[in-house]
Amino acid sequence: MVDRRLITAPLAALILWLTLAIGASTAAADTPANGEDEEPAPRAALQERFAPKEGRFYAHIGGTAIIRDDFYHSPGYGLDAGYYFSETWGVELRAYNLHSRLAHAGERLREEQGFVPDLRAPDALFGLGIRGSWGYGKVLTMERFVIHFDPQWIFHGGITLAEERVVPTVSTGIGFLTHWQHGIQIKLDLQMNLHFENRSRGFIPATGFVPVLAVGWSPMGGDK
Amino acid sequence: MTEGAFRLKWRCTALVPALMGLSLGALLGACVPLQESAPDRGDLFAPLHEADLSSFEQGLTLDEHTGRADHWTALGRAFLNLANCRPIDPAPPVVADDAVTLLLYELVRLEDRRRLRLVHQSFEAGVGAWHRGTVHTQFTSRTFFNRDAAPTDDDLIHWPHVEPEAWPDEWPAPAEVEFQCGQLMARDDPPELDAPFDEIDAATVTSQLLDEWSRAEAALSAAKALPDESGLRRRSVDNLLAHRGDLALLIAQREDARHHAADAIEELQRRAMKDLVESGVQTRPLRIARLAMELGEPEMTIEALSHLVGHEDDRVDAVARYFIVKTAWMQGWWEMAAEGGEELIDRPASLRSAHAYFAATANRYAGREDVFFAIGRTVLRDRRRDQGDPFLGALYRELLRVLASYDVDERTDEFLEELGPRHLLDERKIEFAEIALDMGRPEVADEMVQPILESTQDARRLPRLYALRALIAFMFDDRDTFDHYVGRLSNRPAELRQVIPRNRRAAFFANQDAELARVLRATLPLMAEWGDDDHARQLRRSWLETVVEHTQRFLRWAPDSVVSNDLTELYRLAGRLLEDHPRGYAERVGSTQPSASPLVLGTIDVPPAPPLDEAPSPRLRWPQLRSLLLIPRGGLPPESFVDVLEAPGPREESS
Numbered sequence: 000m001v002d003r004r005l006i007t008a009p010l011a012a013l014i015l016w017l018t019l020a021i022g023a024s025t026a027a028a029d030t031p032a033n034g035e036d037e038e039p040a041p042r043a044a045l046q047e048r049f050a051p052k053e054g055r056f057y058a059h060i061g062g063t064a065i066i067r068d069d070f071y072h073s074p075g076y077g078l079d080a081g082y083y084f085s086e087t088w089g090v091e092l093r094a095y096n097l098h099s100r101l102a103h104a105g106e107r108l109r110e111e112q113g114f115v116p117d118l119r120a121p122d123a124l125f126g127l128g129i130r131g132s133w134g135y136g137k138v139l140t141m142e143r144f145v146i147h148f149d150p151q152w153i154f155h156g157g158i159t160l161a162e163e164r165v166v167p168t169v170s171t172g173i174g175f176l177t178h179w180q181h182g183i184q185i186k187l188d189l190q191m192n193l194h195f196e197n198r199s200r201g202f203i204p205a206t207g208f209v210p211v212l213a214v215g216w217s218p219m220g221g222d223k
Numbered sequence: 000m001t002e003g004a005f006r007l008k009w010r011c012t013a014l015v016p017a018l019m020g021l022s023l024g025a026l027l028g029a030c031v032p033l034q035e036s037a038p039d040r041g042d043l044f045a046p047l048h049e050a051d052l053s054s055f056e057q058g059l060t061l062d063e064h065t066g067r068a069d070h071w072t073a074l075g076r077a078f079l080n081l082a083n084c085r086p087i088d089p090a091p092p093v094v095a096d097d098a099v100t101l102l103l104y105e106l107v108r109l110e111d112r113r114r115l116r117l118v119h120q121s122f123e124a125g126v127g128a129w130h131r132g133t134v135h136t137q138f139t140s141r142t143f144f145n146r147d148a149a150p151t152d153d154d155l156i157h158w159p160h161v162e163p164e165a166w167p168d169e170w171p172a173p174a175e176v177e178f179q180c181g182q183l184m185a186r187d188d189p190p191e192l193d194a195p196f197d198e199i200d201a202a203t204v205t206s207q208l209l210d211e212w213s214r215a216e217a218a219l220s221a222a223k224a225l226p227d228e229s230g231l232r233r234r235s236v237d238n239l240l241a242h243r244g245d246l247a248l249l250i251a252q253r254e255d256a257r258h259h260a261a262d263a264i265e266e267l268q269r270r271a272m273k274d275l276v277e278s279g280v281q282t283r284p285l286r287i288a289r290l291a292m293e294l295g296e297p298e299m300t301i302e303a304l305s306h307l308v309g310h311e312d313d314r315v316d317a318v319a320r321y322f323i324v325k326t327a328w329m330q331g332w333w334e335m336a337a338e339g340g341e342e343l344i345d346r347p348a349s350l351r352s353a354h355a356y357f358a359a360t361a362n363r364y365a366g367r368e369d370v371f372f373a374i375g376r377t378v379l380r381d382r383r384r385d386q387g388d389p390f391l392g393a394l395y396r397e398l399l400r401v402l403a404s405y406d407v408d409e410r411t412d413e414f415l416e417e418l419g420p421r422h423l424l425d426e427r428k429i430e431f432a433e434i435a436l437d438m439g440r441p442e443v444a445d446e447m448v449q450p451i452l453e454s455t456q457d458a459r460r461l462p463r464l465y466a467l468r469a470l471i472a473f474m475f476d477d478r479d480t481f482d483h484y485v486g487r488l489s490n491r492p493a494e495l496r497q498v499i500p501r502n503r504r505a506a507f508f509a510n511q512d513a514e515l516a517r518v519l520r521a522t523l524p525l526m527a528e529w530g531d532d533d534h535a536r537q538l539r540r541s542w543l544e545t546v547v548e549h550t551q552r553f554l555r556w557a558p559d560s561v562v563s564n565d566l567t568e569l570y571r572l573a574g575r576l577l578e579d580h581p582r583g584y585a586e587r588v589g590s591t592q593p594s595a596s597p598l599v600l601g602t603i604d605v606p607p608a609p610p611l612d613e614a615p616s617p618r619l620r621w622p623q624l625r626s627l628l629l630i631p632r633g634g635l636p637p638e639s640f641v642d643v644l645e646a647p648g649p650r651e652e653s654s
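Protein sequence lines correspond, in order, to chains A and B.
FYI, the numbering for the first sequence is 0 to 223, going by numbering that gives the first Met the number 0.
FYI, the numbering for the second sequence is 0 to 654, going by numbering that gives the first Met the number 0.
None of these hints come from the bench; they were simulated from the model.
Watch out, some of these pointers could steer you wrong.
[Stated by the list, open to error] Sample of chain A residues facing chain B (criterion: CB under 7 Å; computed from the structure):
1) L45
2) R48
3) Y135
4) R143
Predicted, not measured: the structure shown is a model, and the values here were computed from it.
Each residue gets a CB set at the ideal place from its N, CA and C atoms; glycine is no exception.
Only chain A is shown next, with the shape it has when bound in the complex (with noise of 0.2 Å):
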């Protein structure tokens, strides 16, 4: 049983210290170097991308969870894989299984009232969807260490299958694609969850925040 507190902290830190540190850069861009009068021209620069990814395939391992207000803790496991027709975008197909079981508050509505919620745990997740990578980034790390990373905005269509039932879903958020040495990715999506469920007084949308940490790999990418 984890608390979503203890998710959505640490999420709402990364959140704030990645705004704080674009804006830290695009700052430092704009602010004059001190010292000298005579500086060279700021001009523009080239490097060459870590991990290529135009044509080629890959696959992740990941964790996820569903959060959501709904009396159920869904964490769960799964397989991205997909492919990138160019640098910018890509098609993912997503496979995760969910172990839902009810939250405390679940627990001792069930034990002391007998009320179970109205909406199904969900068990599974399948997707197919979209990536698309709008930037590159890298972060230098122990002053020897290079983290490359593509942000991304991400969007999928798919169902979740709870119990019986089959729900239409959609996710869209952002995400960040980490590049490592010998084709190795590492990923975290941070997506909002949306599906319709059918219930006795109509089709009611309910909505999730679903982080996804997973790590994979690229053929023939990231080697140097």
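Got chain A sorted already, so can you dock chain B onto it with the hints?
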């Protein structure tokens, strides 16, 4: 919890950390170290040959960024600054022991100085197109080079700005190379160069020329120090020698320089010429010839120009042949001048007649009169002499003078026919007769004049013919004929006097009277040449009396004649020569001079002077030295370096 479940739980709980540890270890092993990365630069000068200045600049910057800059980089930077009209460092930042690159660097600087001087000269002279025919149609052109930032591979990451910290895995991107030569050529804005345009004066240009000379000297010394077998040596020395020759001539044209240092300038010219000659007269004959002319070296002039005979440019060939003949003629080298005139110049027309004159007369002085006549016939055949062409006239007179020394036969008429249009043949015969008389050949003149006199229908010609016949008769001592024709000249028919108003008679008879005066005046010096023996004195007295009689009679008949003053003076002169001629009252009473006989010595033969003052002096012109540069080509030996770039192909539209 059962034992099995415990073991399973233990294994699971132990497995997860183990897996996490393993993963962490794998992750640390997969960390990407910070590494240097930069593309292979390839041939540094290849983009320059492709007229891609942006890529060329990127290559230079890449060298400097990666710490691989060497003397070739410094040379490349000099070429870039030349193309951008930026100052070039006096010495390359990276100096090597390589004499070749040092020389190439110095040549770039020299070309930069030459450009500045050419611009200033054009501004001073008020003419444009200073760069035509030089490498600056490329290096100072707004359009020759591609200056737009070269496109980059889409797979590369393009960072818009390089932060103060430089990442070793990044390298400078191609940048737009701004055309900065506008100030050099702008005539309104002063350039950031030696002197603003509004301060350019003759002294500025002269000092630039002298500065350029000293730099060329230094570069020449460096070039000569290269190994003999180096083709680079030969080409650079050749170009520098030609450049020095041009500079010497330009400096010599500067009035301020001549005023202050004429001797020094002559020394410059001599050195330039000497060096050019040592490198081979055939390599730069035009420059050598021009320098030799300036220095008054006729032998060197002719030797240099002889290499230009047969040049593919007809004008150069014609000018060379003309100057060879003229120079030899002026030195009295008749054989050489005659040899140079074997083939006449047809074009340009401005040189044709002068060349023919020099060639023909040289043949005559060399004793080849047949060639002399042949040239005359060729040049004058069926051609009306242009009164404004002094050389044709001089040649014509010379031909008639020589012809008059021969007796008249059927070839004389044929020759005279060929010396101009047929309808002017009689005119030529009359001119020939006059020249023959001047040369003391009355028999030749008589053979020409008598047939014309008998056949002419043009009364306007008669006075001149009568005068000629009178003079011929005088020289033959034929008094009756002389009296007859002088009488014809001085005759005032009563019928004409009646119809012509008195105040118009002088003008009406002017031509006739002038011929009469010419005849009578000509007799005195001719008489003086008869000598002083008794026979001559007797003859002279007899003719003087005739002349005096005719003059006196005419003055009485036609006191209002236009030549009355001349004939009055002639009458008095002739009277004094006659010892017993009665003096007029005015002479006896009014004369303030003691009575003395005038002294008439005779005729003076003044051969017609060659019209040398009007001899054309075409300028020896040659194109500007195209380039002092030697641009390296990667992978090729220095002998393959080029002095200009090949023109680029069609440039693609930049995206």
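We went through each hint and held it up to the structure:
1. L45: 5 Å, holds
2. R48: At 6 Å from the nearest chain B Cβ, A:R48 passes the 7 Å test, so the hint holds.
3. Y135: Cβ of A:Y135 sits 5 Å from chain B, so the hint holds.
4. R143: 6 Å, holds
In summary, the structure agrees with every hint in the numbered list given earlier.
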